[in-house]
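Peer 1: So you can see what is in the structure, the chains are spelled out below.
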Amino acid sequence: MDVITNIAQGFIGWFTTGGETFTGWVTGIIPQVVCLMTFMNSIVKLVGEEKVESGAKKMTKNAILRYSLFPMMADMFLANPMAYTFGRFIDEKYKPAFYDACVSFCHPITGLFPHANAGELFVYMGIAQGLQKAGYELGGLAVRYFIVGLIVITIRGLVTERIYFHLAGIKK
Amino acid sequence: MAYRNIKITKGSAGFGGPLIIEPTETRNKVLCVTGQTISPVAKKIAEMTGCELVDGFKTTVPDDQVAVAVVNCGGTARCGVYPRKHIMTVNVEPVGAVGPLAQYITEDIYVSDVSEKNLSYTDETNASAAKSAAEELEAADAAGDNGPKTKDQAKADVAAAQEGQKQNLVTRIGVGVGHVVNKFFAAGRDSIDMVIRNILPFMAFTSTLLGIISASGLGNVIANTISPFCSTLPGMIFISFICGLPFLSPILGPGAVIAQVVGTLLGAEFAKGNIPAQYALPALFAIDAQVGCDFIPVGLSLGEAEPDTIEMGVPAVLYSRVITGPLAVVIAYFFSIGMY
Chain A
1 MDVITNIAQG FIGWFTTGGE TFTGWVTGII PQVVCLMTFM NSIVKLVGEE
51 KVESGAKKMT KNAILRYSLF PMMADMFLAN PMAYTFGRFI DEKYKPAFYD
101 ACVSFCHPIT GLFPHANAGE LFVYMGIAQG LQKAGYELGG LAVRYFIVGL
151 IVITIRGLVT ERIYFHLAGI KK
Chain B
1 MAYRNIKITK GSAGFGGPLI IEPTETRNKV LCVTGQTISP VAKKIAEMTG
51 CELVDGFKTT VPDDQVAVAV VNCGGTARCG VYPRKHIMTV NVEPVGAVGP
101 LAQYITEDIY VSDVSEKNLS YTDETNASAA KSAAEELEAA DAAGDNGPKT
151 KDQAKADVAA AQEGQKQNLV TRIGVGVGHV VNKFFAAGRD SIDMVIRNIL
201 PFMAFTSTLL GIISASGLGN VIANTISPFC STLPGMIFIS FICGLPFLSP
251 ILGPGAVIAQ VVGTLLGAEF AKGNIPAQYA LPALFAIDAQ VGCDFIPVGL
301 SLGEAEPDTI EMGVPAVLYS RVITGPLAVV IAYFFSIGMY
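Protein sequence lines, in the order shown, are assigned to chains A and B.
Heads up, the first sequence is in the UniProt record's numbering, so the first residue is 1 and it goes up one at a time.
Heads up, the second sequence is in the UniProt record's numbering, so the first residue is 1 and it goes up one at a time.
Okay, chain B solo, but in the shape it has when bound:
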């Protein structure tokens, strides 16, 4: 079967790309990891390239067979997992280089906000032009690598030279302290990075939402409808049951955005005293029965599970939530006795 090369550009709100997808005899699968339904973008890519379309939620394929992965990630995990594995990644959501794996999301391997109209064939000349451009880039990268490498080598030389002499105590303490301080500094940088990339944007979005909800009077409606539910054990068991339904849980899962927004809304009701404080613990479990249900195949493949395991593992986890979701609420309810 002849494969055709295609070019994928970013959408108007997108990031990265353009990517040139060049399937080969061994690298000929389009991996679609978009929840319950196959994304039309993935379908179109498979059609255009002649690749085989694989639903990442049903099964998985070895990484080295994947020509391109199509995801619909809101910015936490999936958008970074595939770039990290050096797999070309197409995100149908307009998400840039964010999330815990942001450092791996680069323009040469990732493109976002992609719809069907962003796909086009590359004729041979274009492809080779792109290729040579890519090669040039690679060469540039290599050149870039050379700088630090020689530096590293210099460092190694110095280290080797120093190894000959026995380090005295003061030097060793100095080196040790420097080592620890560096780790602390890196940790600080990671934390600030996380705050800027994930925590602040979420706060901005949620506080705006909350502001609108409370100022427009919608807040009272929510208070009157949801609060009574969350003030009784059966009500919360019901919520967790709904969240855990196998056909709903993967939709409610992504980025825990829904759980976080609901958590914040409930928080406002706790603050006003509309829901008694002792229900906080069971509520935490009630709104989270769907945790990670959107991510099962990816999580399993991160753990290097076989395709067969994923095929049966996904429904196993989904069914389990129907039982353990409500059960968690009951356990939390008993553990919250005597808390407040």
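Excised from the complex, chain A in its bound form:
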């Protein structure tokens, strides 16, 4: 009997640990994320997609802006996965590179703007809440993730553009 009780207790114990983690996340992460998300969602709704569109279109001609600010705006205002619909403003030959830049920014953006990809928060949050537990401030990490993200997607966009041109036999 004791053996069975011990086994049962051990078994339940596994989930106690899980439950503690869960409570920690719910109280530690969700309240802030909800408020931040509500704020950003309101801004997006108040500004409206049309205005962003007309502003963003101007950026597509410049190679650097096309793979940095333009995807950032797309992610920020339309969020994953609708952000990729901004591809329609871009010349056909640049679309794969734009997609690559846009999708690669949908995690770096979550450190500062979780609303942009709230379904996949834990790429950033997983590591961030570990650091928080160890007593570090997260502001620096979120900002750097964002900035490095922008640099990476610019480079990635340019590289993918080259590779695509090569594969499709397009001369620049």
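20 angstroms max Cα-Cα, derived SDA-like pairs, lysine to any residue: (1) A:K61 x A:M73; (2) B:K85 x B:A97; (3) B:K85 x A:M82; (4) A:K133 x B:P276; (5) A:K45 x B:G174; (6) A:K58 x B:E304; (7) A:K51 x A:L78; (8) B:K272 x A:Q132; (9) A:K61 x A:L158; (10) A:K45 x A:L78; (11) B:K183 x A:E49; (12) A:K133 x B:G219; (13) A:K171 x B:D308; (14) B:K117 x B:F15; (15) A:K171 x A:A63; (16) A:K45 x B:L101; (17) A:K133 x B:N274.
With beta-carbon atoms standing in for the labels, derived distance ranges: (18) B:P307 x A:F15: 43 to 51 angstroms; (19) B:H179 x A:G140: 35 to 43 angstroms; (20) A:T16 x B:V221: 17 to 25 angstroms; (21) B:Q65 x A:F39: 39 to 47 angstroms; (22) B:T37 x A:V143: 39 to 47 angstroms; (23) B:R172 x A:F39: 21 to 29 angstroms; (24) A:V143 x B:K58: 33 to 41 angstroms; (25) A:C35 x B:D63: 33 to 41 angstroms; (26) A:F39 x B:I196: 14 to 22 angstroms; (27) B:V61 x A:F15: 44 to 52 angstroms; (28) A:T16 x B:V170: 56 to 64 angstroms; (29) B:P307 x A:K61: 24 to 32 angstroms.
Just so you know, these hints were derived from the structure itself, not from any lab.
The beta-carbon is built from N, C-alpha and C at its ideal position, and this holds for glycine as well.
Starting from the known structure of chain A, fit chain B onto it as the hints suggest.
Peer 2: Just chain B, lined up with the frame of chain A:
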């Protein structure tokens, strides 16, 4: 070529349906968007209906030619993208109306947890019966629409009547505030919706997993094998290289589930101090070299790319990751200097 109608029902853990697929001369393609391999379900559907099978990862077809789309979506994007475009969608995964596009996933256009045994022919009578049922539904919908429509009309009438009079300042401020408050309220509802549909379920699943891992002692094994890797620059470059391999990246991608679980596992190691904090930034890029690789054709078609573009665009993105994945880690490494 004669097409046959088939009926697709949901699997035991599924949602939605049954769908009646009725291919016509123009709408005669089965679009399969299931990663590197063609799903047997898509194959069977194409076989049974006589439709042409199209691999969505290699090319794409105009939306109005697609009789049915077959996806294997874990619940973020693909399962909603096609319903949103009013394309009948079959998901081989047991996923209900979830994700950012959940509102478009309805029982009349979406069915999930489908395997080959859920497919059957409809004979003519059944099909027409289903059709008339569908028509009835449509009629009901139309009737349902009528209610709000008249309401809208009433509103429009009121608005038109009010337009005649010049609104005074107080009214205008009132209307303005109401407008803003409504937007805020809608934003709040979206956020809570997102938390319930996506964030909480993920937390539940991951915390259970983490609990089991740490309580069973597996955690120590992971700590001893992965931590040393993530504590050096070459180790992380290696991880990003693996994640970015063109034949692995589309498999690792879906829903970013793997990246999220790995992120959380690494987070636990950061918390214990097994990995130094300054490696957090490069680690974020190391585990994410595959981001979106499962979604390239769908993402491109959302951007209204031509089939030719998708055909060459998919490998272009995949090859690019082999270079830019490790490069991102190096850049992040230098940017993390002086952070902690």
